[in-house]
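S.K.: The primary structure of each chain is shown beneath.
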Amino acid sequence: MDSPARLGPAEIIGVLAQLGVATVLLGSIYALIAVGLTLIFGIMRVVNFAHGEFLMLGMYLAFWSFTLWSIDPWFMVVVAIPLFFLIGLLTYALVMRGIIHASHNVQIFTTVGLSIALQNLALVLWTGDYQVLRPWHAAVVVRIGSAAFNLSQVVAFAASMALTLALFAFMKWTAAGRVIRATAQDGEAATLMGIDTDRVYRVTFAIGIACVGAAGVLVSPLYAAYPTAGLQFVLLAYVVVVLGGLGDMVGALLGSLIVAGVEVVGSYFFGAAWKEVFYFVLFIAVLVFRPAGLFGQRGAEMLGA
Amino acid sequence: MGAPRLGRWGPALLVVVAGVTPLVVHDAFFLDALVLVLLWGAISAAWNVAGGYAGQVSLGHSAFFGIGAYSAALLSTRWQQSPWLGMLVGVLVSLVAGALIGYLSNRLRGPYFALSTIAFSQVLLILVSRWRGFTAGSEGIPVPFRPGFWTLGLDHVAWVYLALALAILYYAVQRYFERSRIGYQLAGVREDEDAAQALGIPSRRLKIFAVTLSAAMTAMVGTLWAQYVGFVDPYYVFSVDLSIRFALNAIIGGLGTALGPFLGSLLITTIETYLRATFSGVKTGFAGIYLVFYGCVLILVVRFVPEGLAGLAARLRARPARA
Numbered sequence: 027m028d029s030p031a032r033l034g035p036a037e038i039i040g041v042l043a044q045l046g047v048a049t050v051l052l053g054s055i056y057a058l059i060a061v062g063l064t065l066i067f068g069i070m071r072v073v074n075f076a077h078g079e080f081l082m083l084g085m086y087l088a089f090w091s092f093t094l095w096s097i098d099p100w101f102m103v104v105v106a107i108p109l110f111f112l113i114g115l116l117t118y119a120l121v122m123r124g125i126i127h128a129s130h131n132v133q134i135f136t137t138v139g140l141s142i143a144l145q146n147l148a149l150v151l152w153t154g155d156y157q158v159l160r161p162w163h164a165a166v167v168v169r170i171g172s173a174a175f176n177l178s179q180v181v182a183f184a185a186s187m188a189l190t191l192a193l194f195a196f197m198k199w200t201a202a203g204r205v206i207r208a209t210a211q212d213g214e215a216a217t218l219m220g221i222d223t224d225r226v227y228r229v230t231f232a233i234g235i236a237c238v239g240a241a242g243v244l245v246s247p248l249y250a251a252y253p254t255a256g257l258q259f260v261l262l263a264y265v266v267v268v269l270g271g272l273g274d275m276v277g278a279l280l281g282s283l284i285v286a287g288v289e290v291v292g293s294y295f296f297g298a299a300w301k302e303v304f305y306f307v308l309f310i311a312v313l314v315f316r317p318a319g320l321f322g323q324r325g326a327e328m329l330g331a
Numbered sequence: 275m276g277a278p279r280l281g282r283w284g285p286a287l288l289v290v291v292a293g294v295t296p297l298v299v300h301d302a303f304f305l306d307a308l309v310l311v312l313l314w315g316a317i318s319a320a321w322n323v324a325g326g327y328a329g330q331v332s333l334g335h336s337a338f339f340g341i342g343a344y345s346a347a348l349l350s351t352r353w354q355q356s357p358w359l360g361m362l363v364g365v366l367v368s369l370v371a372g373a374l375i376g377y378l379s380n381r382l383r384g385p386y387f388a389l390s391t392i393a394f395s396q397v398l399l400i401l402v403s404r405w406r407g408f409t410a411g412s413e414g415i416p417v418p419f420r421p422g423f424w425t426l427g428l429d430h431v432a433w434v435y436l437a438l439a440l441a442i443l444y445y446a447v448q449r450y451f452e453r454s455r456i457g458y459q460l461a462g463v464r465e466d467e468d469a470a471q472a473l474g475i476p477s478r479r480l481k482i483f484a485v486t487l488s489a490a491m492t493a494m495v496g497t498l499w500a501q502y503v504g505f506v507d508p509y510y511v512f513s514v515d516l517s518i519r520f521a522l523n524a525i526i527g528g529l530g531t532a533l534g535p536f537l538g539s540l541l542i543t544t545i546e547t548y549l550r551a552t553f554s555g556v557k558t559g560f561a562g563i564y565l566v567f568y569g570c571v572l573i574l575v576v577r578f579v580p581e582g583l584a585g586l587a588a589r590l591r592a593r594p595a596r597a
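As given, the protein sequences belong to chains A and B, one line each in that order. Residue numbers for the first sequence follow the working numbering, beginning at 27 and rising by one. Residue numbers for the second sequence follow the working numbering, beginning at 275 and rising by one.
Next up, chain A with everything else stripped away, as it sits in the complex:
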């Protein structure tokens, strides 16, 4: 890669534009993953350590439906949203419901246990091989300014953005969204107002899982599917949500753009092999200096989340 110091002003602007577009495209996908995680945390106060495994399941759903029945992942997104909503409801009933009021340790290890079980279920069902899905749109090049992207990535961006914004709209303007927000603010008061909080938690968890499942389908043409594929994404999603303030949906969107920016710029200057170092260092720095997130209130981490 050329040393940036040798570039003229026009080239520098070109590079910046390229990095900017790449950041936005990548950030939108991270946002869809992170928004589900932060929604679940914000309402239920449970950090879902198994979040990445639902992403992985989404990737396999896309891979197998493409390989077996030639169903394009773009169509599978439409199927994945209700399907993962149901998976979310089921997971809530079997696992999450019992731990909402439990201690941190119980919550951490229950979701970690779920993560181990799902990862290895995938290993049993589909082996540890990397599965790459190549639909026609992965080969179509789209030029945005001087930068080239493939059509899968551009559509993944658009779909992620649309889903994230739809979720924002749902939370802000619908009666159900208001009920969810009320529960998030004060679960006890909400119960006194006649809100069925168990139902709110159930639906919220299912929405969060539907988001991350859809994200898994959308990234399937871009990244290989394998049993622990969720891990890298979810570590990144934690960076995003801690950066944005756990439970803060707008923060998750901004955090996604920041993390994507760090990754894109870091990869450009130092090579893709080191990108993870940048966001983990960023993560540690945020945890140390602003654990409540860039925009959150100080002291949130002391509440023990």
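Check before you lean on any hint, since a few could be wrong.
[Claimed, not checked] Derived, one-sided and incomplete: chain A residues facing chain B with beta-carbon distance under 7 Å:
| id | residue |
| --- | --- |
| 1 | 41 |
| 2 | 73 |
| 3 | 138 |
| 4 | 303 |
Hints in this document: simulated from the structure, not taken from any laboratory. Being a predicted model, the structure only gives us computed values, none of them experimental. For glycine and all other residues, C-beta sits at the position ideal for the given N, C-alpha and C.
Dock chain B against the given chain A, drawing on the hints supplied.
M.R.: For chain B alone, coordinates are given in the frame of chain A:
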């Protein structure tokens, strides 16, 4: 979470059984399993010092394990130094790393603390796997077997006694945390940090102390493990999976109890060794099935027996037997 009383003689009996076994049984497979039970138990005991007694639940303890494993492997393969020296270096590096992590993550609680420790282990994983010139990167380092105590090239019987000595030492450290002033203060911090602080307990310093000690203890086992197994690679020794495994033995055995990590290791390592031996050579994704079971057991234990095996025994004892 009081210290469950398994009786004064329970642990002593286990030590005698483990100590006499190599004199009676000469089967390499069985002795290997015994060494693994003791080493895994020791690692989980080290984890328990921070995770159980201090309530600092780390999911990144493989960082310290990896530091211990790599220090010895690098020193012995590159400069022909004794793994014992490597262990010392690993412990010193882990003391610094543990203190740093303990200090930086001090204010974080629950999931925040767990996440920060994951991040640390992942940074180390990336550094070690990318620094190919020095660490051999993702290929890993085979640790040569050179017979002798100084080179840790021991036979199975000697390994049993070495691992047993370590297990006794770590059991004693945990007992110290159960009975000392520091231990009681830490229990206070774990149960209610704000209240403990109000009573004048220096909670921050105590938590940093526990994490640092736990880190050094983990590094020591890391060195022994690397020498015993004969191979280190970054994707194993620094993995999140490994960190979870450390915690798992302690949870299943009994969080914050001295015997818990060893009971957990006895159960989990035995099942794993048995299943691996029974089904080895059969490529049916069996490893996966076992781990699915493992994940489900974790969920069920945490949900229904949160006090673990040691606590369960205490609970059964406390409840008078009905005729």
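S.K.: Now look at each hint and say whether the structure bears it out.
M.R.: Evaluated hints:
A distance limit of 7 Å between C-beta atoms decides the matter here; for residue 41/A the minimum to chain B is near 25 Å, and the interface restraint is violated. Evaluation of the residue 73/A hint against chain B yields a held restraint, the C-beta minimum of about 4 Å falling below 7 Å. Hint status for residue 138/A relative to chain B: holds, with the closest Cβ pair at about 6 Å, below 7 Å. Checking residue 303/A against chain B: minimum C-beta separation of about 5 Å stays under 7 Å; hint holds.
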